[in-house]
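Chains as they are written, first to last, in the working numbering: chain R, 1 to 183; chain Y, 184 to 468.
Think of the hints as simulated: they come from the structure by calculation, not from any bench.
Check the hints yourself; a few may be wrong.
[Unchecked claim] Here are a few chain R residues that sit away from chain Y, every Cβ distance over 12 Å (derived from the structure): (1) 103; (2) 139; (3) 152.
[To be verified] Where chain Y lies over chain R, by a calculated footprint (3+ residues, C-beta under 8 Å): (4) 72 to 80; (5) 83 to 94; (6) 107 to 118; (7) 145 to 151.
[Stated by the list, open to error] Chain R regions said to be covered by chain Y (calculated; three or more residues, Cβ under 8 Å): (8) 12 to 19; (9) 121 to 132.
Keep in mind that this is a model prediction, so the values were computed, not measured.
Every residue gets a Cβ at the ideal spot worked out from N, C-alpha and C, and that includes glycine.
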Amino acid sequence: MLSTTAFRLRTSHLAHVIGIALFAAFTALAARITIPLPFTPVPITLQVMAVLLAGLVLGPRAGAASQAVYLASIMAGLPLDAQGLGMAALAGPTGGYLIGFVPAAFITGWLAENLSATRAGRFLAALAGAAVIYAAGVAWLAPAVGGLHKAWLLGVAPFILVDLSKAMIAAALTESGQLLFRQ
Amino acid sequence: MEDFEFLRNVTIGQYFTGNSIVHRIDPRTKITILMILAIVNSFTTSYTGNAIVLSVCIAYVIASGISFRFILSGVKPALPIIIIYALMQLLFFGEAYEPYGLASEVYFQWGVIAISNGSLQLVIVTLMRFLQIFFLVSLLTATTTTTDIAHGVEGMLKPFQRIGVPSHEISLIGTIALRFVPIFAEQLEIIMKAQASRGADFGGGGVFQFVKTARQMVSLIVPLFVDAFRRAEDLILAMDARCYIGGKGRTHLTRFHLGNLDFTIMGANLALAIAVLVLRNAFPA
């Protein structure tokens with residue numbers, strides 16, 4: 001399948017550049033793979049997994065850079081968010097989640113490097129990253145829905161189980177990507 | 184079939200060849216104008232100010248020769264969510280917003296629902312702002328090739344290279360990321376159709392069958408990732424085989440020149456922006 005170890009690149013930085021672009025694009029596409037829920041304005045998206053994987057696969061700096069590229073293209077007006085609104089999505093009630101992507105990727109990557117290089121270590125790092133996304137999301141959502149408690153019920157509680165499994169899948173998928181992008 | 188379609192209706196990013204004045208100006212000029220008008224857009228809250236900026240945007244669309252029908256068709260996928268937001272703002276924020284330049288007036292009140300001229304202004308101005316940005320970004324990508332935009336961004340970031348901004352890498356990453364998005368979307372469609380042909384049950388889940396929708400997603404994630412990694416690997420190998428070594432010492436086949444036309448248009452937009460920003464307190468409403 002992946003023949004990654006067979007070649008050596010002229011510049012290792014090429015792999016970083018492509019990796020950042022890949023995960024920026026992946027986050028953008030993952031926005032469209034959503035499961036709308038009837039009881040809350042926040043949908044389940046695959047984006048959280050894309051963010052966690054960016055941190056795990058690319059490491060803290062490049063992972064955060066990939067999310068910054070995604071965020072910048074939304075700020076430039078491109079309709080790459082879940083609803084296709086462009087810049088208006090950042091101002092809307094779910095804008096906090098998007099802003100949380102950058103620190104989340106960084107923290108996931110940093111913890112994964114500094115905890116242990118096992119699947120369990122990556123899983124814990126991914127959980128911490130998901131927590132960062134939700135902290136940013138709830139802080140933003142709270143004024144729009146009226147209070148922190150309500151924001152917790154609408155914006156975090158329904159997703160805890162789903163995100164445990166997302167973090168697990170991300171931790172499991174990491175190795176194949178790391179081979180490619182960390183030469 | 185629309186369950187299989189991602190990003191089909193996205194009009195932003197599609198390029199149209201042409202020789203209009205909007206096509207001919209330098210990409211750097213277009214990006215600068217976009218930035219100037221975006222700043223004006225975010226500081227203008229009055230009807231008059233937004234009407235001026237919106238009419239300027241419409242004038243650009245007309246000058247470019249791109250049909251309004253095409254540009255407005257890009258708003259369609261976002262329309263339901265826009266309508267929901269607009270209704271929420273109109274109905275529930277009536278008491279919270281002071282209208283700009285008008286005496287506060289409540290038109291209708293019933294329980295928590297209150298429509299005032301403040302919330303009406305909020306909705307109309309928000310829609311006008313959304314349309315302005317949407318017109319400008321659509322127009323930029325419709326009249327400029329991706330390569331030109333990338334080179335334009337690179338050129339504009341070049342002065343910051345001294346303080347360590349990797350201008351070449353930023354524009355390269357942006358270009359590749361934006362090229363990847365439609366490729367992945369297409370790939371996702373292919374995977375969905377492949378899984379469906381093997382008997383997977385897609386679509387028709389609806390909002391209340393989220394468990395079913397979640398189960399559908401699982402059969403997509405892993406193939407999609409494997410394919411994405413493979414594509415990235417191919418691209419890395421291809422670029423490496425062509426001796427790509429980064430931005431240092433790299434030259435371009437075509438060079439951009441800022442002509443009189445560019446300076447005139449940039450100056451006119453800057454003057455307009457300053458006028459709208461300075462006079463915004465003088466606008467009646």
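Evaluation of the provided hints:
For residue 103 (chain R), the condition that its CB be more than 12 Å from all CB atoms of chain Y holds, with the nearest at approximately 19 Å. The Cβ of residue 139 (chain R) sits about 20 Å from the closest Cβ of chain Y, beyond the 12 Å cut-off, so the non-interface label holds. Distance check on residue 152 (chain R): its Cβ is at least 20 Å (rounded) from any Cβ of chain Y, clearing the 12 Å threshold; non-interface status holds. Counting residues of the segment 72 to 80 of chain R whose beta-carbon sits less than 8 Å from any beta-carbon of chain Y gives 7, enough to reach three: the coverage restraint holds.
As drawn, the segment 83 to 94 of chain R meets chain Y at 7 residues by the rule of a beta-carbon pair under 8 Å; at three or more, the given contact holds. Here's how the segment 107 to 118 of chain R fares: 0 of its residues keep a CB closer than 8 Å to some CB of chain Y, so the rule of at least three is not met and the hint is violated. Against chain Y, the segment 145 to 151 of chain R contributes 0 residues with a C-beta closer than 8 Å to a partner C-beta. That does not satisfy the three-residue criterion, and the hint is violated. By the rule of at least three residues with a Cβ nearer than 8 Å to a Cβ of chain Y, the coverage given for the segment 12 to 19 of chain R holds, with 6 such residues.
Closer than 8 Å: that is the beta-carbon criterion, and the segment 121 to 132 of chain R has 0 residues meeting it against chain Y, so the requirement of 3 is violated.
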